[in-house]
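Could you put the whole structure together from the sequences, leaning on the hints where they help?
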Amino acid sequence: MNIYLSTLVRELKISIRNPSGLINPLLFFIVTISLFPLSISPEAKILSEIAPGIIWVAAMLSVLLSLNTIFHYDFDNGILEQLSISHHSTALVILIKSFSHWILTGLPIVLLSPLMGLFLFLDENSIQVLMLTLLIGTPSLSLIGTIGASLIVGIRSAGMLLALLILPLYIPILIFASSAISQSQAGFEITGQILWLIVILLFSLMLSPFISAAALKINLD
Amino acid sequence: MWKWIQAFASPQNFYRISGTLIPWFLYPFVFLVTIGLYWGLYVAPIDYQQGDSYRIIFIHVPSAWMSMMIYLIMAISAGIGLIWQIKLASVVAKVSAPIGAGFTFLALITGSIWGKPMWGTWWVWDARLTSELILLFLYLAYMSLNNAFDNPKKAAKASSILALVGIINLPIIHYSVKWWNTLHQGASISSMDKIAAPAIHPDMLWPLLIMAIAFKLMYAALVLQRGRDEILFNEQNMRWVKDLIKGGER
Numbered sequence: 001m002n003i004y005l006s007t008l009v010r011e012l013k014i015s016i017r018n019p020s021g022l023i024n025p026l027l028f029f030i031v032t033i034s035l036f037p038l039s040i041s042p043e044a045k046i047l048s049e050i051a052p053g054i055i056w057v058a059a060m061l062s063v064l065l066s067l068n069t070i071f072h073y074d075f076d077n078g079i080l081e082q083l084s085i086s087h088h089s090t091a092l093v094i095l096i097k098s099f100s101h102w103i104l105t106g107l108p109i110v111l112l113s114p115l116m117g118l119f120l121f122l123d124e125n126s127i128q129v130l131m132l133t134l135l136i137g138t139p140s141l142s143l144i145g146t147i148g149a150s151l152i153v154g155i156r157s158a159g160m161l162l163a164l165l166i167l168p169l170y171i172p173i174l175i176f177a178s179s180a181i182s183q184s185q186a187g188f189e190i191t192g193q194i195l196w197l198i199v200i201l202l203f204s205l206m207l208s209p210f211i212s213a214a215a216l217k218i219n220l221d
Numbered sequence: 222m223w224k225w226i227q228a229f230a231s232p233q234n235f236y237r238i239s240g241t242l243i244p245w246f247l248y249p250f251v252f253l254v255t256i257g258l259y260w261g262l263y264v265a266p267i268d269y270q271q272g273d274s275y276r277i278i279f280i281h282v283p284s285a286w287m288s289m290m291i292y293l294i295m296a297i298s299a300g301i302g303l304i305w306q307i308k309l310a311s312v313v314a315k316v317s318a319p320i321g322a323g324f325t326f327l328a329l330i331t332g333s334i335w336g337k338p339m340w341g342t343w344w345v346w347d348a349r350l351t352s353e354l355i356l357l358f359l360y361l362a363y364m365s366l367n368n369a370f371d372n373p374k375k376a377a378k379a380s381s382i383l384a385l386v387g388i389i390n391l392p393i394i395h396y397s398v399k400w401w402n403t404l405h406q407g408a409s410i411s412s413m414d415k416i417a418a419p420a421i422h423p424d425m426l427w428p429l430l431i432m433a434i435a436f437k438l439m440y441a442a443l444v445l446q447r448g449r450d451e452i453l454f455n456e457q458n459m460r461w462v463k464d465l466i467k468g469g470e471r
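As they're listed, the protein sequences go chains A and B.
Heads up: the first sequence begins at 1 in the working numbering, then just goes up one per residue.
Heads up: the second sequence begins at 222 in the working numbering, then just goes up one per residue.
Since the hints were derived computationally from the structure, they do not count as laboratory data.
Remember, it's a predicted structure, so these values are computed and weren't measured experimentally.
Treat the hints loosely; a few may be bogus.
Claimed, not checked - In silico PhoX-like links for lysine-lysine, alpha-carbon gap of 20 Å or less:
| no. | chain 1 | residue 1 | chain 2 | residue 2 |
| --- | --- | --- | --- | --- |
| 1 | B | LYS374 | A | LYS217 |
| 2 | B | LYS375 | B | LYS308 |
| 3 | A | LYS217 | B | LYS375 |
| 4 | B | LYS308 | A | LYS217 |
| 5 | B | LYS308 | B | LYS374 |
Stated by the list, open to error - Rough simulated footprint, nothing fancy, chain B against chain A, three-plus residues with beta-carbon under 8 Å:
| no. | segment |
| --- | --- |
| 6 | 99 to 107 |
| 7 | 138 to 152 |
| 8 | 172 to 185 |
| 9 | 209 to 218 |
Every residue, glycine too, gets a C-beta built ideally from N, C-alpha and C.
Here's what the structure looks like:
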């Protein structure tokens, strides 16, 4: 079996055998969202207006929280060092790792989002748009987040730092995604926002594995 | 040629040359900032719409320009330091960050002081204000990443990568914010016609340009001074630093 496939299988196996890492971000996602009706207003009109932003911010934060550990154990075990001296492309392995991170956090969030949309009184059409934006947007979150995670891999207890590094870079995704949803609520065309999200996804797909590989190399010296 | 650059960019050389250069930036800065402020605050005519309060433009706009220019310089020198392993470039990137963050902060503060009498509020989620705020976040992220490492070499490299990622993202952030704002609300922008027409009065334009140049000189002087300090700190175990300290100044 080649290394890329075996990395993917390994990541998935680890998370299935230790499911708290898989479930906690999702629980965080749900709990955070349920705080907003309690703190702002249970009224349907207000909630459906702010729902796109709430759901997206919650998704972002739960991706962020789960990113902390993406390289942590591999760094402690020496797996990353083995990888960097092997003849395999570090960037490609990182791409696989981001992909498995997305499967384990982004994809469940996409699948959970209709429920959250119902919680916040989004109409059916907006829920579809929400799922679409999450489907295109969360892979970018994983990819860009991997850069941040690989920058801080050697630093102890750097969770806050990761948020500070990554959240400003997430802003465009947040803007395009949540504006797509609120535009569709108002009945406007949303092709522009969706295309922008795709552009960001393609860019981060091209660049971020290489940037992360460079950052890891620095930290492994 | 390459060797020459390497030799020229050696820390010791930089320390020597920057010492002689600083006064050449510092005194013109003092001179220009005096002229610019006098011209701007006394000579320039009162704005027909905004009265005297528009005069904060002479601090506000140059600092906003500086905040963007310094990020560009920081990212470029971070890239040079990362790719060609020139220590001096990394030093420039590192010492530029707090200065740039300072200018960004100044631009935000003066903007908000200006906004209070003009727009009746301290803060508007206007496109420019928001992207300036995000720029401040990027500076702070760079600085805290730089501080998080024990090993200064790793710190320089890792934060350089962050600076480069930031510069790739900056245009996207800028346009997304611009677009986000125009999509949501139009009303607050109409008050943004502060420089009402492109035909700004020359007595307002000149002090603005003078202040902009003065700020650039100040940045140069600050970078050189902070770079000197940084180099002394980094090279504290080197022979030439020990000699320097034994022999007094220079």
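Tested hints:
For the hint linking LYS374(B) to LYS217(A), the alpha-carbon distance of about 13 Å falls within 20 Å, and the restraint holds. This hinted pair checks out: LYS375(B) and LYS308(B) have alpha carbons roughly 12 Å apart, not beyond 20 Å. A C-alpha spacing of about 10 Å is found between LYS217(A) and LYS375(B), which places the hinted pair at or below 20 Å, so the restraint holds. Of the pairs offered as hints, the one joining LYS308(B) and LYS217(A) holds, with about 18 Å between alpha carbons and a cut-off of 20 Å not exceeded.
The straight-line distance between the Cα atoms of LYS308(B) and LYS374(B) is roughly 9 Å, inside the 20 Å bound, and the hint therefore holds. Here's how the segment 99 to 107 of chain A fares: 0 of its residues keep a CB closer than 8 Å to some CB of chain B, so the rule of at least three is not met and the hint is violated. Residues of the segment 138 to 152 of chain A lying with their CB closer than 8 Å to a CB of chain B number 3, which satisfies the three-residue condition for coverage. Look at the segment 172 to 185 of chain A against chain B: 5 of its residues bring a Cβ nearer than 8 Å to a Cβ of that chain, three or more, so the hint holds.
Using a Cβ-Cβ cut-off of 8 Å, 4 residues of the segment 209 to 218 of chain A lie near chain B, which meets the minimum of three, so the contact claim holds.
In this structure, the one hint that does not hold is number 6.
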